[in-house]
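Undergrad: Got chain A sorted already, so can you dock chain B onto it with the hints?
One line per chain: the protein sequences are A and B, in this order.
Heads up: the first sequence runs through residues 29 to 306, numbered per the numbering used here.
Heads up: the second sequence runs through residues 4 to 314, numbered per the numbering used here.
Simulated from the structure, these hints should not be mistaken for laboratory data.
Treat the numbers as computed from the prediction; the structure is a model and nothing was measured.
For glycine and all other residues, C-beta sits at the position ideal for the given N, C-alpha and C.
A couple of the hints might just be wrong.
[Said to hold, decoys possible] Computed footprint of chain A on chain B; a stretch qualifies when at least three of its residues, placed anywhere within it, have a C-beta under 8 Å from a C-beta of chain A:
1. 134 to 143
2. 270 to 277
[Stated by the list, open to error] Here are the simulated distance ranges between beta carbons:
3. A:Leu222 to B:Gly122: 27 to 33 Å
4. A:Leu205 to B:Phe120: 45 to 51 Å
5. A:Leu157 to B:Gly291: 29 to 35 Å
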Amino acid sequence: MSRRTRHNVLPGFNLAMGYTLFYLGLIVLIPLSAAFIKTFALTWEQFWGAVSTPRVVASYQLTFGASLIGAAINAFFGLIVAWVLVRYTFPGKRILDALVDLPFALPTAVAGIALTALWAENGWIGSLLKPLGIKVAFTPLGVVLALTFIGLPFVVRTVQPVLEDLESELEDAAASLGATRWQTFVHVILPTILPALLTGFALAFARAVGEYGSVVFIAGNLPMRTEITPLLIITKLEQYDYNGATALAVVMLLFSFVLLLLINVLQWWANRRAGRES
Amino acid sequence: MAGSVSNVATTLAKVPVAGTSVAIDVQRNRRSTEEHPAVKWGLIGLAVAFMLLFLIMPLVTVFFEAFRKGVGVYLAALSEPEALSAIKLTLLIAGIAVPVNLVFGVAASWAIAKFDFRGKALLITLIDLPFSVSPIVSGLIYVLVFGAQGWFGPWLQAHDMKVIFAVPGIVLATIFVTFPFIARELIPLMMAQGAEEEEAAIVLGASGWQTFWYVTLPNIKWGVLYGVILCNARAMGEFGAVSVVSEHIRGQTNTMPLHVEILYNEYQFAAAFAVASLLALLAFVTLGLKSFVEWKARAEHEVLPLEAPRT
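Here chain B stands alone, though its shape is the one from the complex:
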């Protein structure tokens, strides 16, 4: 729709003799809804300069600082046992948080998108809630529940279990901060698709699970993947919430972002940026996959609800 007028204008402008006056008319009209080239290139320049300063230069800095002392130092920083254990812990945390939130996201979007009930808007708002909570507060609330001074602290201590300052606390805090990602991607998508196809399958005798696997899932697969990619990036990169509930012990409760912080505070800049460069690579992969999924989804007319992502 938006492009139709300008398309007509260009086609008309190309018609050589017949209707020349019309063509000129339309073209003049078209010019007046376009900016002067100087304005246009000025705006492009401003946008590029802003992004260069705020996005590209920090990114370049990460890799420059990581390799500043040579490839040897870079590789040594990544292969020391503490770095490896931080990488392993980060993979473990994401490996738990992402599937758990995926199951929730699918269940929530099935209930919300395929059925009518009262309080739907409220439920959606509550699901979104973790996005508006500061990461520090996200960590703190788990300390209040599971910490030594918290509700279950004495009970946990009596049973010799540790949640806060241990891996379970990191997992819980990560699940909290990544809680809405998959659900908020799937809910609008499944709402837009309606329930007609599923109803047809059920009427034709398919079971509920068959309907889900063979009818619903193929329709939402790119949406699922999109949510998983964003959820994973945040799960691996979360810093604030994890920082509150971790004891920051190297080789035990340090995730990659926490390892970066410790190295940086010890003035081991090259090592800090080396580990940071892995996380920057993760960001690249995330952005690349995200663009790919958007492209695939558009090609298959599965319209992803690309409303403002609230990370």
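In isolation and in its complexed conformation, chain A is listed as follows:
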């Protein structure tokens, strides 16, 4: 209560709050509500028909499957990268640390054409894989690759601060009680960083599900095989099927909201585990 009265000394609450709500409503809430209002105008049969055709279902399977695999790859390698950046010193470490954020800074279209050029059959890596009979570009593998690229920073950047805050006393205690390094990692370190690791995984997954730019170049975009859901929305728009596009968008929006909720719960858990007040 005393905090409240103290804070009231400052001016500008009405102006700042009023502008915040006005701008939030204008840019975010009203346009987002348009998708839901348009969908409510459809009958259930129309909606269900639009979001459950075999081609759409195939796109869900690819989008969610590839996003899960990409996030899992990032959880594994992201943990290693975070560990190496926090625990060891080696030449080039600071450059490597700064480069982790590259997928945030590099426009997705640039990432898309670069990955395609690299992994296509005539590319540097693609030409090495061709004799082995492995095709990456224009197959579902290419989609996984692009989604791994764009999700890379999330796990590193969520796990890194937790690893930095980790109290070495716990590890000392475990070691002096005779634990091997691996036992200490599995029973002492991993439980502490697990919430952060899962948060990073969920963030990478959430980002991958909606991703478009880096995927469309390398995917090849064959219906039923390498067509992601966001691309299908664009295809429907180009055919003037606004109802179909909006219905699909609402499915994706609902999924992102559920995921956002899950991520908030995970972050709350991570903060509690780290002993911080949120």
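TA: Chain B alone, transformed into the frame defined by chain A:
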């Protein structure tokens, strides 16, 4: 805190005669909380290999492909009128979206961090919302509002105005996807700083604006810059949302990323990668500035909330 034990260990290990047994003890203890060198270098190797494969090689590819046909082709691709107009449009879009979101970010963080009110957590979640929306859906919702079939479509048409498939639509979609960047940087920063300094200024007779300019702003300047850098990078590089609301007409509604796409789909690879290399340079500048701001902020004890960035 974290380093204190190992510091003690190294100091003790360096003490020559007196307390040798302690030193050895502590050092043995220290060894057992470190990995075997083979494991250590194996992990470093894995991390470097992963980043080489996924980050560095694509980056090298951009510049290699851009210069593959020589510097002449590279420069020609950048100086053709359509490329120049794409560059201009991209600068214009970022020049509008970033300041607009900066004003919002400052207003939102002032209201949220300096005052108590109900529903604060909900408001913060709503501000973050655009980050969890697919870029394609971000573009689509503006089509539903301003497109020919949309809410205001007929009205706009009657007044001979165009939002979708024109520059205003690109600006709006870009503002949407970059909406949370500055706010989400400033809110935790200003919350951590509290309101005591501002209250002191007000009590001493400063006006609200004076308090903001001379007390608040110097405290958050690196946070503001950090948010602006990230917001700008996304505004210039956005592809999906812009792709939905742009008509893809060269020289008119093509931003740099859209220009890259058109050139690439026309098999003009060298030209596509030439324009892409400019965007890759932008990414370099962004990462460099970001590291610089983090370093400056640490030096001035302005702790930036480097929680997971959700781009």
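Undergrad: The structure should be examined with respect to each hint, and the outcome stated for every one.
TA: A quick look at each hint next to the structure:
no.: 1; hint: 134 to 143; verdict: holds (count 7)
no.: 2; hint: 270 to 277; verdict: holds (count 3)
no.: 3; hint: A:Leu222 to B:Gly122: 27 to 33 Å; verdict: 31 Å, holds
no.: 4; hint: A:Leu205 to B:Phe120: 45 to 51 Å; verdict: 50 Å, holds
no.: 5; hint: A:Leu157 to B:Gly291: 29 to 35 Å; verdict: 34 Å, holds
Checked against the numbered hints given earlier, the structure satisfies every one of them.
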